[in-house]
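Listed in order, the protein sequences are those of chains H and V.
Under my numbering, the first residue of the first sequence carries the number 1, and numbering increases by one thereafter.
Under my numbering, the first residue of the second sequence carries the number 1, and numbering increases by one thereafter.
Read the hints as simulated data drawn from the structure, not as lab findings.
Be aware that one or more of the hints could be misleading.
[Unchecked claim] Now the in silico label distances, taken between C-beta atoms and shown as ranges:
1. V:Gly64 <-> H:Leu20: 13 to 23 Å
2. V:Arg54 <-> H:Glu194: 14 to 24 Å
3. V:Ser45 <-> H:Ser42: 52 to 62 Å
4. V:Glu30 <-> H:Asp273: 18 to 28 Å
5. V:Arg54 <-> H:Asn28: 28 to 38 Å
6. H:Arg119 <-> V:Arg65: 31 to 41 Å
7. V:Ala68 <-> H:Ala14: 50 to 60 Å
8. V:Glu70 <-> H:Thr54: 51 to 61 Å
9. H:Asn195 <-> V:Glu37: 32 to 42 Å
Remember, predicted model here, so these are calculated numbers, not experimental data.
Where a beta carbon is used, it is the ideal one built from N, C-alpha and C, also for glycine.
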Amino acid sequence: MIETPTFSVSEVNAYVKGVLDQDILLRNLRIRGEVSNYKRHSSGHIYFSLKDATARISCVLFRQNAYGLQTPLHNGLSVVAEGRAALYERDGQYQFYVERVQPDGVGALYALLEKTKQRLRALGYFDPEIKKPLPADPKTIGVVTSPTGAVIRDIVHVARRRNPSVNILLCPARVQGEGAAEEIAAALDRLSRENVDVILCGRGGGSLEDLWAFNEEAVARAIHRCPVPVISCVGHETDYTIADLTADVRAATPSQAAELAVPDVSGRRLLLDELTQRLELRCRRKLETEERRLQELTGRIDPQRGLRDLMEESENVGDLNRRLESAARRIALASKERYEGLWLRLRALDPEAALKRGYAYAKRGDAFVSAAKDLHVGEPLALRFCDGEAGVRVETLTLNDEVQRSDEDEREKADI
Amino acid sequence: MSAKKQTFEEGMAELEALVRSIEDGEMGLEETVAAYERGMKLAKSLEKLLGQSRGKLEKLLESGRREAMEEADADF
């Protein structure tokens with residue numbers, strides 16, 4: 001008879017494991033169920049159960065797969081998990097090794113989202129009155145996002161273009177997967193203690209599951225308590241995440257967030273350039289005007305021109321002088337001629353001159369006697385010659401007749 | 001008045017006022033030259049504020065220290 005072999009526990013577990021591993025269906029399995037007994041180990045592995053109304057399966061989600069988890073798990077969440085079923089040899093229990101897990105249908109996520117929204121709205125997280133205004137002239141902008149990828153690059157690019165002198169301080173955080181919400185919240189807290197003027201927080205576009213971290217309460221709380229204005233930029237156009245609703249300003253994309261955060265100085269630069277040009281131009285014109293005025297003024301006392309004037313003037317003066325001189329000479333000459341003529345005539349009238357020519361005149365006392373009719377016979381007279389006087393007495397007196405007498409008068413006058 | 005205490009916008013406003021007053025043509029030559037000198041000094045410091053100096057790009061590390069990030073300008 002054949003003896004039933006006896007195996008060790010390990011041998012049996014190894015055998016069962018081998019059997020299960022060979023099963024094609026169990027190698028790639030998808031299970032729908034509700035998460036329970038959720039536990040995240042310090043190693044990063046996640047342990048939970050999937051259950052339905054009547055049964056449960058132990059599940060493990062290893063750390064490397066947990067990082068890729070798009071939607072964080074929590075008890076009660078209906079999910080569809082993908083992975084393989086295998087025996088855990090140590091315990092002799094089979095487990096479901098989860099590689100991917102998603103909420104069971106978008107409807108479930110939306111329901112969850114709505115519930116969180118309602119709670120936070122009731123807490124006043126979304127109130128417009130508590131929204132902080134953005135700084136007008138930020139020096140440093142904080143960014144919470146993944147250190148790799150397009151988001152930080154877009155933000156840096158846009159911010160630099162709008163104002164190159166703005167500082168950018170990135171606090172890296174994973175933006176999807178298990179634990180992302182906590183990292184984002186921690187990064188917000190940390191940046192709010194730095195000297196930043198505004199914080200940009202976001203990621204690129206994706207499915208609702210991709211963006212799920214931004215719907216978590218942890219992020220909303222961090223935004224809510226942040227003393228610095230927060231701009232959310234979760235890259236999706238249609239639906240607002242809870243982070244968007246809680247943020248002070250919501251931007252559709254990281255690029256738009258950078259535009260909102262950093263005022264564009266290129267317009268101011270253009271204005272500055274224009275003002276500088278106008279300043280230079282106006283001042284140059286002013287100088288030119290003043291220079292022209294100065295030239296105009298100095299032109300009037302231009303030494304060249306002055307000398308010319310002076311020479312012209314002196315020519316005139318010389319001419320005048322010459323004219324004056326010749327006129328004076330003519331006048332002087334005329335005067336001399338006239339004087340000489342007068343002098344000659346005067347000389348001719350000099351009685352002494354007549355006396356020298358042999359004439360004599362008669363005087364009665366000091367008075368001249370010029371006519372015979374004034375004389376009396378026997379009257380004493382003095383005869384004046386050129387060289388002396390003689391005392392005489394009138395002997396006879398004969399008067400000419402009228403005609404003769406006047407002829408003699410004429411002749412006498414002409415002689416004298 | 002110290003140019004350092006002025007914000008960018010205050011500086012711009014002063015520069016604009018300077019240019020306007022020169023353009024009014026009421027100023028004498030000396031005043032104009034003084035305004036010109038003040039304006040050019042102002043423009044220079046405003047230019048500086050406008051980002052002649054490039055801002056820092058840093059990353060906060062886990063340790064709490066900061067690390068300058070590389071800027072692949074070619075990509076931007």
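Hints, verified against the model:
no.: 1; hint: V:Gly64 <-> H:Leu20: 13 to 23 Å; in the structure: violated, 48 Å
no.: 2; hint: V:Arg54 <-> H:Glu194: 14 to 24 Å; in the structure: holds, 20 Å
no.: 3; hint: V:Ser45 <-> H:Ser42: 52 to 62 Å; in the structure: holds, 56 Å
no.: 4; hint: V:Glu30 <-> H:Asp273: 18 to 28 Å; in the structure: holds, 27 Å
no.: 5; hint: V:Arg54 <-> H:Asn28: 28 to 38 Å; in the structure: violated, 53 Å
no.: 6; hint: H:Arg119 <-> V:Arg65: 31 to 41 Å; in the structure: holds, 38 Å
no.: 7; hint: V:Ala68 <-> H:Ala14: 50 to 60 Å; in the structure: holds, 55 Å
no.: 8; hint: V:Glu70 <-> H:Thr54: 51 to 61 Å; in the structure: holds, 57 Å
no.: 9; hint: H:Asn195 <-> V:Glu37: 32 to 42 Å; in the structure: holds, 36 Å
Violated hints, listed in ascending order, are 1 and 5; each of the other numbered hints is respected by the structure.
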